[in-house]
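J.: Could you put the whole structure together from the sequences, leaning on the hints where they help?
Chains A and B supply the protein sequences, listed in that same order.
If you read the first sequence in this note's numbering, its first letter stands for residue 1390, the second for the next number, and so on.
If you read the second sequence in this note's numbering, its first letter stands for residue 7, the second for the next number, and so on.
Calculated directly from the structure, the hints in this document are not laboratory data.
What you are looking at is a predicted structure, and each value in this text was computed from that prediction instead of being measured.
There is no bait here: all hints are sound.
Subject to a maximum C-alpha distance of 20 Å in a straight line, what follows is the list of computed SDA-like cross-link-like pairs (lysine to any residue):
| no. | chain 1 | residue 1 | chain 2 | residue 2 |
| --- | --- | --- | --- | --- |
| 1 | A | K1647 | B | V203 |
| 2 | A | K1547 | A | F1669 |
| 3 | B | K243 | A | D1521 |
| 4 | B | K243 | A | M1390 |
| 5 | B | K241 | A | F1391 |
| 6 | A | K1647 | B | N102 |
| 7 | B | K241 | A | L1395 |
| 8 | B | K269 | A | T1514 |
| 9 | B | K401 | A | S1509 |
| 10 | A | K1647 | B | L222 |
| 11 | A | K1647 | B | P103 |
| 12 | B | K321 | A | G1502 |
| 13 | B | K188 | B | D211 |
| 14 | B | K184 | B | M416 |
| 15 | B | K184 | B | K215 |
| 16 | A | K1647 | B | E238 |
| 17 | B | K269 | A | I1524 |
| 18 | B | K313 | B | R79 |
| 19 | B | K112 | B | S60 |
| 20 | B | K241 | A | G1520 |
| 21 | A | K1647 | B | T228 |
| 22 | A | K1647 | B | S129 |
| 23 | B | K401 | B | A285 |
| 24 | B | K241 | A | I1524 |
| 25 | B | K241 | A | D1521 |
| 26 | B | K269 | B | E238 |
| 27 | B | K241 | A | L1639 |
| 28 | B | K269 | A | R1523 |
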Amino acid sequence: MFIQVLLSGIALGSIYGLVALGFAVVFKATDVFNFAQGMFVAFGAYFAVTTINLLGLPFPLAVAAIIAASAALGVVIHIVLIQPLSGRPMLSVIMLTIALSIVMRAVIEILYGVQSRTLSTPMPTGIFLVGDVRISQLHLVAAGVSWLCMAAFGAFFKFTSIGLLMRATADGHEAALVSGVNVKVMNRLAWAIGAGLAAIGGLFLGQLQIVSPELEHIGLLALPAVVIGGMQSIPGAIIGGLLVGLIEQLSATYISPKSSDILVYVLLLAILMVRPWGLFGQRELGRV
Amino acid sequence: MQDKKTEQRGLLRKRLLAALAAGTLALSAQAQFESPSEGVYKDRVDWGVMMDLSGPASGSQGIWTNGFQAYVRSINEKGGVNGRRINVLAEDSRFNPAQDKINYEKLSTQTPVLAISGMGSSSSQVSLAPTIRGGKIPIVGTYTHTKPLSEPTSPLVYGGFCTYPEMAKAGVGYMTEKLKVKSPKVMVVSIESAGGVEYAQFIADAVKKYGGTSSLVTMKITAADVTPQVLEIIKQKPDFITIYGVGNTAILTMKAMHQYGLKIPAFGISYLMSPQIYAAIGPEAGPNYNVISCFTPGGADQSAGNKEMMAAADKYNHSAMKEDVNYVAGWVVGQMAVQALQLAGPQPTRARLVEAMSKGFTVNSNGLAAPIVMTPTDHAGPSRFRMIGYDYGAKKYVSFGEFADYEKYMK
Chain A
1390 MFIQVLLSGI
1400 ALGSIYGLVA
1410 LGFAVVFKAT
1420 DVFNFAQGMF
1430 VAFGAYFAVT
1440 TINLLGLPFP
1450 LAVAAIIAAS
1460 AALGVVIHIV
1470 LIQPLSGRPM
1480 LSVIMLTIAL
1490 SIVMRAVIEI
1500 LYGVQSRTLS
1510 TPMPTGIFLV
1520 GDVRISQLHL
1530 VAAGVSWLCM
1540 AAFGAFFKFT
1550 SIGLLMRATA
1560 DGHEAALVSG
1570 VNVKVMNRLA
1580 WAIGAGLAAI
1590 GGLFLGQLQI
1600 VSPELEHIGL
1610 LALPAVVIGG
1620 MQSIPGAIIG
1630 GLLVGLIEQL
1640 SATYISPKSS
1650 DILVYVLLLA
1660 ILMVRPWGLF
1670 GQRELGRV
Chain B
7 MQDKKTEQRG
17 LLRKRLLAAL
27 AAGTLALSAQ
37 AQFESPSEGV
47 YKDRVDWGVM
57 MDLSGPASGS
67 QGIWTNGFQA
77 YVRSINEKGG
87 VNGRRINVLA
97 EDSRFNPAQD
107 KINYEKLSTQ
117 TPVLAISGMG
127 SSSSQVSLAP
137 TIRGGKIPIV
147 GTYTHTKPLS
157 EPTSPLVYGG
167 FCTYPEMAKA
177 GVGYMTEKLK
187 VKSPKVMVVS
197 IESAGGVEYA
207 QFIADAVKKY
217 GGTSSLVTMK
227 ITAADVTPQV
237 LEIIKQKPDF
247 ITIYGVGNTA
257 ILTMKAMHQY
267 GLKIPAFGIS
277 YLMSPQIYAA
287 IGPEAGPNYN
297 VISCFTPGGA
307 DQSAGNKEMM
317 AAADKYNHSA
327 MKEDVNYVAG
337 WVVGQMAVQA
347 LQLAGPQPTR
357 ARLVEAMSKG
367 FTVNSNGLAA
377 PIVMTPTDHA
387 GPSRFRMIGY
397 DYGAKKYVSF
407 GEFADYEKYM
417 K
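T.: Here's what the structure looks like:
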């Protein structure tokens, strides 16, 4: 039983890690704590319903369209809403992202109605049996794809010239600007990547259960993940996601489903009090 | 002689004129009757609805609201009730008792209504029960049933959905007989809510009659995975399970059980019957999933009520919802509300409405449900059931027997 729960925790945690990674990319690049990240997950699931079930696109093309549409949404939101607030107090930007999530939910309900939607994809739904342990094929695919995306992003960030420019921008906007980096484009790219990663998470979550605006709540579990792991740390966001997934499943099994909320957020509070830069983040020192 | 006839004609004319004047006065009084502090105006009556329209249960409660509004709209198109159209003020609770408290106060005083229908959150019902029972606004057709609001019987509260105790009796009785189990071992899979706890107790009471046992496993309403719950099911090895919650609860449970190779029969509460749920569960796991219901889903039969509802749904662009039991339930509560308003007469007030309903009335939905009988001491609502499944090949609902066949389980 323990191994079963561990595996489902890792699978779920991988999806949280993917969404948390998107959150961390946005925060690292633009200093925006994006409360609408959960709705990007929901939008990803609804884009999946539109491209796969309503338009009937071939699955690979549909996935490309989902990622492209989500990335475009991220860019538009940055240009129209985030960029004009650049330099404003953090509270204003946070309030904007909260309002944005409410607006996005309303848009979904207007476009798709209040009913939940079923997402049917060619992804496998069977199980592998390894001894007494049953491994869901969908869980395996979700975890595998999540890790692939995270690895691909890591490689992009570390080994490509655009990745280097993004890192430079994240480290210091002014210095990057002076060095001739187009900071606006880098920030838009960060939002595009953040939204795209959330959409992939939405695709899997929509297939695991049902597509509804409530996916936002699941997506918002990325917030404690990223705070626990370290808001400025890309590996930290991934590890934070895994931790949240594991805590959720283990506590639901051995204590009660409601206890997972307590444990996740108690850990969050403990991290904020003892190590506010997160498990893998770096302490920021300012010189006077 | 001639003078006498003239005198008689004059007298008759005077009497006729007096009668005409009295009648005109009475009519104009009715036509002029208003009670704005109770939502009654010359040309309309304001009627409140409190449901989750954008929260975790909006997938079912939003559809219920559409069904309710559809019936009311169909009545308004025919001239309304006693010359007044019914204006539905729907307030969104977001499945949050605190929000429902705000909504109730709003509908009581700020935008006052004659009555309220819906109240979809069991937690809200529990927290608002003292306020409602001590107040003046009748609740006509509750979406869910909770003891604090419904017991003891109050002249202010009338049930509008399948009653849980009878749901449990009918479901457990049918499954026990169908599976030929002597002492059934039953598991309740439920979301964490006041209603879920109550439902588990009703199941326990029903199972006890057959010498069986029951247990409860819960999950979050927004759960993404139910591996822990399914592992508990594997451990307990129940003869059958029953599911309480929202659509996601049934989908996750049935899909996870299928993944684990479990073919345990399951029945969901009446709310969990919709084409989307069956589509999401899929034809591999779907045959193991049935629903115990007091309503007949759209298209399941050719009754007059079913045809009327289906036609209205198509007319009002609700075609995608007409097979959802929640739409049917909303429609039937619309019928209940309209009938109650008719009983209240041409000068409706909250007090008159309560007085009229408390004497007892019967709602005939023309086949969408068994007749709903409200007596002075029983306001529970629809309480006759049958099990309904889904034929994936024919793509339609199938009912197992008639309502009358399930009477034997109610004793």
